[in-house]
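2 protein chains.
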Amino acid sequence: MNQFKEQINKYAEVIAKVGLNVQPGETIVVLSDIRAIELVRAFTTASYELGAKKVIVELSDSNIQQDHMKYQNIETIEDLPPHIKVKNDYYLKEKVSMLFIHAVSPENLKDADPEKIAALTRAGREVAKELSDSRMRHDQPWCIVGYPGPEWAKLVFPELSEEEAVTKLMENILKTVRVDQEDPVAAWDAHGKFLKSRAKWLSDFNFDRLKYTAPGTDLEIGLIDGSQFAGGGHKSRGNLEVKVNMPTEEVFTSPDYRRVNGVVSNTLPLSYGGQIIDNFKLTFKDGVVTDFEAEKGYDVLKELLDSDEGSRRLGEAALVPVDSPISNSGILYFNTLFDENASCHVALGQAYPGPVPGANEMSAEERDAVGLNSSLTHVDFMIGSKELDIDGITRDGKVVPVFRQGNWVE
Amino acid sequence: MNQFKEQINKYAEVIAKVGLNVQPGETIVVLSDIRAIELVRAFTTASYELGAKKVIVELSDSNIQQDHMKYQNIETIEDLPPHIKVKNDYYLKEKVSMLFIHAVSPENLKDADPEKIAALTRAGREVAKELSDSRMRHDQPWCIVGYPGPEWAKLVFPELSEEEAVTKLMENILKTVRVDQEDPVAAWDAHGKFLKSRAKWLSDFNFDRLKYTAPGTDLEIGLIDGSQFAGGGHKSRGNLEVKVNMPTEEVFTSPDYRRVNGVVSNTLPLSYGGQIIDNFKLTFKDGVVTDFEAEKGYDVLKELLDSDEGSRRLGEAALVPVDSPISNSGILYFNTLFDENASCHVALGQAYPGPVPGANEMSAEERDAVGLNSSLTHVDFMIGSKELDIDGITRDGKVVPVFRQGNWVE
Numbered sequence: 010m011n012q013f014k015e016q017i018n019k020y021a022e023v024i025a026k027v028g029l030n031v032q033p034g035e036t037i038v039v040l041s042d043i044r045a046i047e048l049v050r051a052f053t054t055a056s057y058e059l060g061a062k063k064v065i066v067e068l069s070d071s072n073i074q075q076d077h078m079k080y081q082n083i084e085t086i087e088d089l090p091p092h093i094k095v096k097n098d099y100y101l102k103e104k105v106s107m108l109f110i111h112a113v114s115p116e117n118l119k120d121a122d123p124e125k126i127a128a129l130t131r132a133g134r135e136v137a138k139e140l141s142d143s144r145m146r147h148d149q150p151w152c153i154v155g156y157p158g159p160e161w162a163k164l165v166f167p168e169l170s171e172e173e174a175v176t177k178l179m180e181n182i183l184k185t186v187r188v189d190q191e192d193p194v195a196a197w198d199a200h201g202k203f204l205k206s207r208a209k210w211l212s213d214f215n216f217d218r219l220k221y222t223a224p225g226t227d228l229e230i231g232l233i234d235g236s237q238f239a240g241g242g243h244k245s246r247g248n249l250e251v252k253v254n255m256p257t258e259e260v261f262t263s264p265d266y267r268r269v270n271g272v273v274s275n276t277l278p279l280s281y282g283g284q285i286i287d288n289f290k291l292t293f294k295d296g297v298v299t300d301f302e303a304e305k306g307y308d309v310l311k312e313l314l315d316s317d318e319g320s321r322r323l324g325e326a327a328l329v330p331v332d333s334p335i336s337n338s339g340i341l342y343f344n345t346l347f348d349e350n351a352s353c354h355v356a357l358g359q360a361y362p363g364p365v366p367g368a369n370e371m372s373a374e375e376r377d378a379v380g381l382n383s384s385l386t387h388v389d390f391m392i393g394s395k396e397l398d399i400d401g402i403t404r405d406g407k408v409v410p411v412f413r414q415g416n417w418v419e
Numbered sequence: 010m011n012q013f014k015e016q017i018n019k020y021a022e023v024i025a026k027v028g029l030n031v032q033p034g035e036t037i038v039v040l041s042d043i044r045a046i047e048l049v050r051a052f053t054t055a056s057y058e059l060g061a062k063k064v065i066v067e068l069s070d071s072n073i074q075q076d077h078m079k080y081q082n083i084e085t086i087e088d089l090p091p092h093i094k095v096k097n098d099y100y101l102k103e104k105v106s107m108l109f110i111h112a113v114s115p116e117n118l119k120d121a122d123p124e125k126i127a128a129l130t131r132a133g134r135e136v137a138k139e140l141s142d143s144r145m146r147h148d149q150p151w152c153i154v155g156y157p158g159p160e161w162a163k164l165v166f167p168e169l170s171e172e173e174a175v176t177k178l179m180e181n182i183l184k185t186v187r188v189d190q191e192d193p194v195a196a197w198d199a200h201g202k203f204l205k206s207r208a209k210w211l212s213d214f215n216f217d218r219l220k221y222t223a224p225g226t227d228l229e230i231g232l233i234d235g236s237q238f239a240g241g242g243h244k245s246r247g248n249l250e251v252k253v254n255m256p257t258e259e260v261f262t263s264p265d266y267r268r269v270n271g272v273v274s275n276t277l278p279l280s281y282g283g284q285i286i287d288n289f290k291l292t293f294k295d296g297v298v299t300d301f302e303a304e305k306g307y308d309v310l311k312e313l314l315d316s317d318e319g320s321r322r323l324g325e326a327a328l329v330p331v332d333s334p335i336s337n338s339g340i341l342y343f344n345t346l347f348d349e350n351a352s353c354h355v356a357l358g359q360a361y362p363g364p365v366p367g368a369n370e371m372s373a374e375e376r377d378a379v380g381l382n383s384s385l386t387h388v389d390f391m392i393g394s395k396e397l398d399i400d401g402i403t404r405d406g407k408v409v410p411v412f413r414q415g416n417w418v419e
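Residue numbers (the numbering used here), protein chains in the order written: chain E, 10 to 419; chain B, 10 to 419.
Chain E extracted, bound-state conformation (with noise of 0.2 angstroms):
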């Protein structure tokens, strides 16, 4: 990645400054594959320069995680080491900013028995349930970029060299976080207004739900009374801007998990613990995921729904116009991450208390009540295509166009 060293440097200053918006004494914590140590260490480097106390470098490996799969019983997946959980405690209390990288490739783990995913992923959202919640509420900041691993570049780009597919991914990743512009800082600055005015623009109307239109798709999405659109950026720890994805193209609220019907077909793969689910649709009444079908990935989808209850509901709608620059690029990811911006997305799963004002101090008792799901999971798929019209209902039965075939009718 030698090519590459300068826009690495480039990069990683817009992850600490943009994305964690990192400020003097901090702590700061990065999960990543060895696979991006080139941008770790950059990362690292410029967290330091923008006065962090500390950098604490997790790093991982997919082969190794290949074989934790294959040898290890579940009951000993299940059985995490006690100091997981202390971890997890000590980065809530000190309130540390968390940076994942994502470059490992979506089918590392796709040899594996999905009862051991589903256990590995389980084992490990509970000992994290309240550092998760304090993410969600951004009480702490936490950012998810992507780095080309050699095994994902092959998957996007099958017809390329290694090296090749690399750099190829490697260029367009940069593109999507802006960094091959002269000042990625201020586009990205000028960026978020725009979809903060797209998110004004639909929380106006209050839509009392909004109705997807598509091929194999039929779907009406209840939304909260007085509930917000957000995106385009945070605030965390108190007033401070930050990203929580990088790139992000989407506006999206948490809908009313009670007031879910009708069917809906993904669009795209879905990259699930270190496997592809593919060509699903999904049934719901009166919210809840009453019956489910997957050309690929069945066992996998069947885990993930039966994860716990909050996970058979929705928590997330999102939209992203399939003229998006990710979705011009007509690459095709297979890593949320980058798909879900390019494209209208649903999360099953635990919803942002953020887009309901109020929330964030709300017991769970309250949450549920107003219609905020629940779940230790939280997993986008994509529903966005050129075929798709979304209308927004207003609360006295108006019906106002929003998508038209996969586009902001305005």
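It should be emphasised that the hints constitute simulated quantities derived from the structure, not laboratory data. Model, not experiment: these values are computed from the prediction. Positions of the beta carbon are idealized from the N, C-alpha and C atoms, including for glycine. Misleading hints may appear alongside valid ones.
Computed from the model, here is a short list of chain E residues facing chain B with C-beta under 7 angstroms [unchecked claim]: (1) Gly34; (2) Thr53; (3) Asn72; (4) Pro91; (5) His92; (6) Phe289.
Place chain B on chain E using the hints.
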């Protein structure tokens, strides 16, 4: 390292079988820099294939470690997160087997503030004291091995290109651990038996003290009545044979920390805390270093000696002939694991209880009473050369030549 793929697998297998003697159902911990990832992966698979229940891999990166030392202040360095102690306690409770892979340049932290290095070492040792004691008692298996990181290889072979240096260091390391041989496991078995026979020859004299004479060295080291020499392997967690160092060429004992007198000069550089100490001389009086000098790394040596009370006293005396395979290679590794096996050496700090019959079961007070040193440190340094003579003085005053001109007398 593609040309070494098969040998790395063989190396990993020897470590798992001979070094740690991995048993079904055991938990294994690997601590390594990412530079040794090929060996880490191969060892992980080898351990699982031998029936390990779980392999925990802790990966680090020496570039990032440089940043930590550059940017963190001493208070931050000392303030270890609480999960580190919990993790060490878990490793102790589970009696995990631990593999330490050395791949990093011994000069990695040469630009760091010695006070910071001392603070890091101290903080780490305090929370690892019980775990470290357990390893020293061989209640749980451990093994240290080497792997040619590029920066280390360039230090050893500065005249070669990085790639050539890595290749040459790899070839030499593989020789020292007998992986170049047809059946490395059998070769280790024979080698272990030879070292044990040397240890028995020494133990049978029950020497009162050893007397070292060489240019810059005139030192007497008192030995504990009834103590044994050991070498070529240990029994761990019951009666299972392990090797704590690969390579190992030494026969050693734990001296009486109160009866060390005279001066001793090092003959090979000492790598400690990411820096190199060289051309140094220590003066002992009644067991304590009362004076010292060093042409290189004086400050680091001072920090080392000032770690605690026991760090100014000896905890080990080890005999290695200059005619040993590592010594004969003529390579200076700048790494104690290798260089100590090319040279007679002694260690400042903690004594292994093993050489004193019954000491594993003794209280701290009882160990002190027989003359076993106690410290949070244990740092070997090399004092062997072709000009070194060693005599053993028996309890009835007889002088037995042990080494002449750096080699065994018989």
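Quick rundown of the hints versus the structure:
no. : hint   : result
1   : Gly34  : violated, 10 angstroms
2   : Thr53  : holds, 5 angstroms
3   : Asn72  : holds, 5 angstroms
4   : Pro91  : holds, 6 angstroms
5   : His92  : holds, 4 angstroms
6   : Phe289 : violated, 33 angstroms
In this structure, the earlier hints numbered 1, 6 are contradicted, and the remaining ones agree with it.
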